[in-house]
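**Student:** Residue numbers (the numbering used here), protein chains in the order written: chain A, 37 to 518; chain B, 37 to 518.
There's no promise every hint is true.
Unchecked claim - Below 20 Å or equal to it, Euclidean Cα-Cα: the simulated SDA-like pairs (lysine to any residue) are:
1) B:LYS64 x A:THR328
2) A:LYS141 x B:THR328
3) B:LYS99 x A:ALA398
4) B:LYS141 x A:ALA89
5) A:LYS99 x B:ARG145
6) B:LYS99 x A:GLN91
7) B:LYS141 x A:ASP316
8) A:LYS141 x B:ARG145
9) A:LYS410 x A:ASP316
10) B:LYS99 x A:ALA89
11) B:LYS185 x A:ARG145
12) B:LYS99 x A:GLU130
13) B:LYS185 x A:GLN91
14) B:LYS121 x A:GLU143
15) B:LYS262 x B:THR187
16) A:LYS99 x B:THR328
17) A:LYS99 x B:ARG361
18) B:LYS141 x A:LYS410
Unchecked claim - Partner residues aside, some chain A positions facing chain B, computed with beta carbon under 8 Å:
19) ASP69
20) PRO72
21) VAL73
22) LEU110
23) PHE111
24) THR135
25) ALA161
26) GLN165
27) ILE174
28) ASN179
29) VAL229
30) LEU291
Quick caveat, the hints were computed from the structure, so don't treat them as lab data.
We put the CB at the ideal spot given by N, CA and C, even for glycine.
2 protein chains.
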Amino acid sequence: MPKEKEFVKEITPQSEDFSRWYIDVIRKADLMDYAPVRGCIVFKPDGYELWEACQRELDQRFKATGHRNAYFPLFIPESFFEKEKEHVEGFNPELPWVTEAGGEKLEERLAVRPTSETIIGHMYAQWIQSYRDLPVLINQWANVVRWEKRTLPFLRTSEFLWQEGHTAHATEDEARAETMQMLDVYTDFVEKVLAIPVYRGQKTPLEKFAGAVDTYSIEAMMKDGKALQAGTSHYLGQNFSRSFNIQFLDRDNTLKFAYTTSWGMSTRILGALIMVHGDDRGLVLPPRIAPTQVVVIPIGPQKERERVVGHARDLHRRLVAAGLRVRIDDREDFSPGWKFNEYEMRGIPVRLELGPRDLDAAQVVLVRRDTGEKIPVPEGELFNRLPALLDEIQANLYQMALAFRQANEHVAESFDQLTDIIQNQRGFVLAGWCGDDACEKAVKEACGATSRNIPFDPPTRLDHCVVCGKPAAHSVWFAKSY
Amino acid sequence: MPKEKEFVKEITPQSEDFSRWYIDVIRKADLMDYAPVRGCIVFKPDGYELWEACQRELDQRFKATGHRNAYFPLFIPESFFEKEKEHVEGFNPELPWVTEAGGEKLEERLAVRPTSETIIGHMYAQWIQSYRDLPVLINQWANVVRWEKRTLPFLRTSEFLWQEGHTAHATEDEARAETMQMLDVYTDFVEKVLAIPVYRGQKTPLEKFAGAVDTYSIEAMMKDGKALQAGTSHYLGQNFSRSFNIQFLDRDNTLKFAYTTSWGMSTRILGALIMVHGDDRGLVLPPRIAPTQVVVIPIGPQKERERVVGHARDLHRRLVAAGLRVRIDDREDFSPGWKFNEYEMRGIPVRLELGPRDLDAAQVVLVRRDTGEKIPVPEGELFNRLPALLDEIQANLYQMALAFRQANEHVAESFDQLTDIIQNQRGFVLAGWCGDDACEKAVKEACGATSRNIPFDPPTRLDHCVVCGKPAAHSVWFAKSY
Numbered sequence: 037m038p039k040e041k042e043f044v045k046e047i048t049p050q051s052e053d054f055s056r057w058y059i060d061v062i063r064k065a066d067l068m069d070y071a072p073v074r075g076c077i078v079f080k081p082d083g084y085e086l087w088e089a090c091q092r093e094l095d096q097r098f099k100a101t102g103h104r105n106a107y108f109p110l111f112i113p114e115s116f117f118e119k120e121k122e123h124v125e126g127f128n129p130e131l132p133w134v135t136e137a138g139g140e141k142l143e144e145r146l147a148v149r150p151t152s153e154t155i156i157g158h159m160y161a162q163w164i165q166s167y168r169d170l171p172v173l174i175n176q177w178a179n180v181v182r183w184e185k186r187t188l189p190f191l192r193t194s195e196f197l198w199q200e201g202h203t204a205h206a207t208e209d210e211a212r213a214e215t216m217q218m219l220d221v222y223t224d225f226v227e228k229v230l231a232i233p234v235y236r237g238q239k240t241p242l243e244k245f246a247g248a249v250d251t252y253s254i255e256a257m258m259k260d261g262k263a264l265q266a267g268t269s270h271y272l273g274q275n276f277s278r279s280f281n282i283q284f285l286d287r288d289n290t291l292k293f294a295y296t297t298s299w300g301m302s303t304r305i306l307g308a309l310i311m312v313h314g315d316d317r318g319l320v321l322p323p324r325i326a327p328t329q330v331v332v333i334p335i336g337p338q339k340e341r342e343r344v345v346g347h348a349r350d351l352h353r354r355l356v357a358a359g360l361r362v363r364i365d366d367r368e369d370f371s372p373g374w375k376f377n378e379y380e381m382r383g384i385p386v387r388l389e390l391g392p393r394d395l396d397a398a399q400v401v402l403v404r405r406d407t408g409e410k411i412p413v414p415e416g417e418l419f420n421r422l423p424a425l426l427d428e429i430q431a432n433l434y435q436m437a438l439a440f441r442q443a444n445e446h447v448a449e450s451f452d453q454l455t456d457i458i459q460n461q462r463g464f465v466l467a468g469w470c471g472d473d474a475c476e477k478a479v480k481e482a483c484g485a486t487s488r489n490i491p492f493d494p495p496t497r498l499d500h501c502v503v504c505g506k507p508a509a510h511s512v513w514f515a516k517s518y
Numbered sequence: 037m038p039k040e041k042e043f044v045k046e047i048t049p050q051s052e053d054f055s056r057w058y059i060d061v062i063r064k065a066d067l068m069d070y071a072p073v074r075g076c077i078v079f080k081p082d083g084y085e086l087w088e089a090c091q092r093e094l095d096q097r098f099k100a101t102g103h104r105n106a107y108f109p110l111f112i113p114e115s116f117f118e119k120e121k122e123h124v125e126g127f128n129p130e131l132p133w134v135t136e137a138g139g140e141k142l143e144e145r146l147a148v149r150p151t152s153e154t155i156i157g158h159m160y161a162q163w164i165q166s167y168r169d170l171p172v173l174i175n176q177w178a179n180v181v182r183w184e185k186r187t188l189p190f191l192r193t194s195e196f197l198w199q200e201g202h203t204a205h206a207t208e209d210e211a212r213a214e215t216m217q218m219l220d221v222y223t224d225f226v227e228k229v230l231a232i233p234v235y236r237g238q239k240t241p242l243e244k245f246a247g248a249v250d251t252y253s254i255e256a257m258m259k260d261g262k263a264l265q266a267g268t269s270h271y272l273g274q275n276f277s278r279s280f281n282i283q284f285l286d287r288d289n290t291l292k293f294a295y296t297t298s299w300g301m302s303t304r305i306l307g308a309l310i311m312v313h314g315d316d317r318g319l320v321l322p323p324r325i326a327p328t329q330v331v332v333i334p335i336g337p338q339k340e341r342e343r344v345v346g347h348a349r350d351l352h353r354r355l356v357a358a359g360l361r362v363r364i365d366d367r368e369d370f371s372p373g374w375k376f377n378e379y380e381m382r383g384i385p386v387r388l389e390l391g392p393r394d395l396d397a398a399q400v401v402l403v404r405r406d407t408g409e410k411i412p413v414p415e416g417e418l419f420n421r422l423p424a425l426l427d428e429i430q431a432n433l434y435q436m437a438l439a440f441r442q443a444n445e446h447v448a449e450s451f452d453q454l455t456d457i458i459q460n461q462r463g464f465v466l467a468g469w470c471g472d473d474a475c476e477k478a479v480k481e482a483c484g485a486t487s488r489n490i491p492f493d494p495p496t497r498l499d500h501c502v503v504c505g506k507p508a509a510h511s512v513w514f515a516k517s518y
């Protein structure tokens with residue numbers, strides 16, 4: 037019989053060291069392992085399964101909004117990067133280069149893609165001739181590489197998985213509408229499925245995507261108060277269409293450059309999922325994304341085992357047939373206590389306990405992962421109660437995350453107040469900003485916080501720049517970030 | 037109004053030049069485009085959609101047989117390849133190397149993965165300690181790169197998409213059973229879903245996977261008689277577990293090396309799908325894999341348009357609700373004739389025509405892509421008839437492919453006969469083989485045919501080697517191949 041591990045005791049408490057808590061949880065929940073390549077991780081089955089669940093949810097939303105998937109090459113010729121000046125400056129320091137292949141030195145170095153605007157722009161230039169070819173609405177699921185100096189599992193790794201949407205349109209209005217539509221799609225997925233409230237807004241020029249006209253983001257607050265950029269949608273204007281010559285003959289018989297967009301969400305979203313809902317006992321997964329929503333655990337003495345396990349298996353089968361994602365753990369060589377800890381650590385939303393006395397009373401006991409509440413439920417009501425309970429848990433997780441966020445939102449009227457909050461408290465700070473890069477940089481230098489975004493609906497509007505005191509052009513969220 | 041293209045006339049007939057026919061079809065059906073990177077292609081939405089359909093079918097079969105997905109790094113340190121001698125010799129000539137990243141020269145070169153046995157072996161060595169950790173049953177969906185000298189869209193490209201399963205087991209028996217199980221999974225998918233009959237068998241030592249003990253394959257015959265290896269399953273024995281030190285403490289308390297397998301199917305299967313079923317009018321897609329199974333085309337004069345299109349849209353909605361994959365093309369600025377050609381070229385299994393007279397007669401006309409047959413069907417019977425018709429088409433495509441294959445199977449008793457058939461006819465040739473590499477090589481040198489596999493159930497057994505005349509150890513399929 038394997039040694040029973042006391043998993044819970046092995047997780048560093050969040051209050052003691054949040055970063056260690058994070059690493060402890062993802063290791064113990066078996067989501068990933070470090071790879072023998074600098075800054076790379078292995079997505080183990082339980083971690084990859086979470087990404088597959090995200091993929092399914094996002095993919096159906098992309099298709100419902102008229103997008104189709106395609107696949108473009110991993111390698112991008114060096115000359116392609118040179119065509120968009122801002123883009124090359126932004127990405128050059130992080131590129132890995134293939135210089136030899138098939139036993140020969142290459143004439144032109146090939147970058148391993150950090151993002152695909154350039155190679156996709158090159159292809160679109162050939163596919164788009166007329167207004168009739170527009171819009172082009174394509175998404176790609178792919179691996180990308182950015183040679184990061186400091187890495188952290190899921191949040192920042194040299195190679196990561198993501199989707200990148202790339203669209204081309206005949207008009208600015210249409211491209212801008214697409215940009216906002218995809219920000220809405222991300223918001224819907226992150227708030228409704230992952231139960232994570234987000235701040236929606238526009239990135240400042242310093243923080244926007246290299247080559248974009250405007251970048252919009254959704255920003256989430258982790259339990260340590262730091263920000264995580266969960267998804268971005270870029271209006272690229274005609275920047276890439278001019279660089280790659282994506283021209284079309286419009287209805288008025290004149291040649292025009294197309295308006296393009298791109299938008300992406302990556303495996304870093306798994307980091308947000310973990311750091312928004314997790315607690316000192318481990319992962320906490322919202323029911324809508326959880327690969328397993330309910331784990332059935334038969335309990336009781338050996339002499340009752342056959343009766344209890346038989347019934348538990350029958351329940352398991354019927355719950356699966358009812359469309360729930362249910363697992364059973366009826367192994368004999370692990371104690372119920374060990375299993376309780378194990379599945380709490382893995383974040384499964386509901387534990388269904390079933391013992392001899394429950395059987396006699398024709399009931400089961402449901403235990404919520406989010407609140408720990410134990411709920412005896414008559415078996416006759418289980419098939420109604422369980423889906424409702426999962427909805428309650430989903431809603432509660434969102435509300436808890438929202439309450440945490442609200443408790444850690446601040447407003448700063450002065451520079452001292454801003455840096456004081458960032459250094460001595462946790463959370464996001466809203467402050468007025470004149471629009472000058474220099475003022476934004478001053479904040480970062482003083483306290484390490486960056487502008488997260490200019491929210492569409494700020495809780496309040498500030499009238500002067502927190503740095504220079506000039507009239508504020510915007511109210512901006514500042515925070516330390518992942 | 038766009039110029040109506042006579043697509044059909046633009047496809048080179050198969051009998052004139054099969055290779056040109058292939059390229060014509062995949063370009064005109066808009067499945068791919070050439071990329072600006074040597075030997076790479078872009079999977080356009082219609083091509084990628086076919087791969088997504090293959091992924092869905094395979095993924096559910098992998099999961100049903102207990103496998104889970106994971107993701108391992110794209111980059112493999114050079115030293116990893118050195119650990120398995122045969123493996124490095126097999127793959128070294130095709131590797132692209134990353135030598136610089138993040139602005140610095142790397143201390144150790146990183147290969148872009150051509151396959152992942154080495155890096156996965158390295159990880160398994162850390163995950164597997166005890167017999168309780170076995171079996172490990174993992175699959176990965178990924179891009180891989182092999183710097184091929186001669187490339188052909190889908191069939192052989194520098195970068196391609198695939199799945200690679202990697203499993204580890206406590207015993208040889210279990211690992212061998214896994215190897216065969218996955219060959220069965222591939223067979224089931226290719227024969228039942230893609231309607232392609234395959235020869236199942238074992239690769240000769242010369243043709244096996246670099247590092248495997250035994251390689252098994254399924255081989256399909258294209259319409260030009262050439263072979264295409266559609267999937268392979270490798271029994272790796274303890275080769276990789278010894279190289280990467282995948283050891284476990286067994287029940288008997290002794291340390292043992294695990295037995296591993298790997299198995300893969302790639303986007304080259306799309307090439308098989310096209311070259312087995314396609315004809316001079318374009319693609320022919322089996323209903324079970326076709327992203328669109330039925331296209332609804334309203335026809336008739338302008339004055340009847342409103343009535344006909346309204347009814348066609350209603351039918352379309354009801355067919356989709358019935359679970360069929362149906363599209364409607366009710367565009368006004370393309371003629372019915374243009375649409376007929378277009379969707380025949382794209383291989384959609386059934387066209388549903390609906391005109392004013394059909395409406396008056398409460399019927400529709402179904403047109404089969406495989407036979408061209410026109411079938412008037414009373415509307416009341418449509419919802420029963422259509423699924424049955426799709427099944428008939430699926431079965432017919434398999435039967436047609438099987439008949440073609442049978443018509444192009446040969447048996448050679450002598451070397452002259454073998455080379456004569458290979459050079460002057462088309463198809464596969466079964467011949468006796470003593471087991472000697474030299475004899476196998478002699479065939480290749482004389483006529484360009486390679487051994488495809490040693491079939492499990494050869495149609496006949498030959499008693500002497502077709503080259504040296506010694507007693508035959510096996511009957512082997514020889515063919516030219518993609």
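**Student:** Each hint needs a verdict: does it hold in this structure or not?
**Tutor:** Results for each hint:
1. B:LYS64 x A:THR328: Violated, at roughly 44 Å.
2. A:LYS141 x B:THR328: Not OK: A:LYS141 and B:THR328 at ~45 Å, beyond 20 Å, violated.
3. B:LYS99 x A:ALA398: violated, 34 Å
4. B:LYS141 x A:ALA89: violated, 38 Å
5. A:LYS99 x B:ARG145: Violated, at about 40 Å.
6. B:LYS99 x A:GLN91: Answer holds: B:LYS99 to A:GLN91 is near 17 Å, not above 20 Å.
7. B:LYS141 x A:ASP316: violated, 42 Å
8. A:LYS141 x B:ARG145: Judged against 20 Å, a Cα distance of about 13 Å means the pair holds.
9. A:LYS410 x A:ASP316: holds, 19 Å
10. B:LYS99 x A:ALA89: Holds - the C-alpha atoms of A:ALA89 and B:LYS99 are around 15 Å apart, at most 20 Å.
11. B:LYS185 x A:ARG145: holds, 18 Å
12. B:LYS99 x A:GLU130: Violated, because 37 Å separates the two Cα atoms, which is more than 20 Å.
13. B:LYS185 x A:GLN91: violated, 35 Å
14. B:LYS121 x A:GLU143: violated, 30 Å
15. B:LYS262 x B:THR187: This hinted pair holds, its Cα atoms lying about 16 Å apart.
16. A:LYS99 x B:THR328: Holds, because 15 Å separates the two Cα atoms, which is no more than 20 Å.
17. A:LYS99 x B:ARG361: Holds, at about 15 Å.
18. B:LYS141 x A:LYS410: Not OK: B:LYS141 and A:LYS410 at ~58 Å, beyond 20 Å, violated.
19. ASP69: Check passed: Cβ of A:ASP69 comes within 6 Å of chain B, closer than 8 Å.
20. PRO72: holds, 6 Å
21. VAL73: With a closest approach of 5 Å, the A:VAL73 hint holds.
22. LEU110: Cβ of A:LEU110 sits 5 Å from chain B, so the hint holds.
23. PHE111: At 5 Å from the nearest chain B Cβ, A:PHE111 passes the 8 Å test, so the hint holds.
24. THR135: It holds, given that the least Cβ distance between A:THR135 and chain B is near 5 Å, below 8 Å.
25. ALA161: violated, 11 Å
26. GLN165: violated, 11 Å
27. ILE174: Interface hint status for A:ILE174: holds (7 Å vs cutoff 8 Å).
28. ASN179: holds, 6 Å
29. VAL229: Status violated, d = 20 Å.
30. LEU291: violated, 18 Å
In this structure, the earlier hints numbered 1, 2, 3, 4, 5, 7, 12, 13, 14, 18, 25, 26, 29 and 30 are contradicted, and the remaining ones agree with it.
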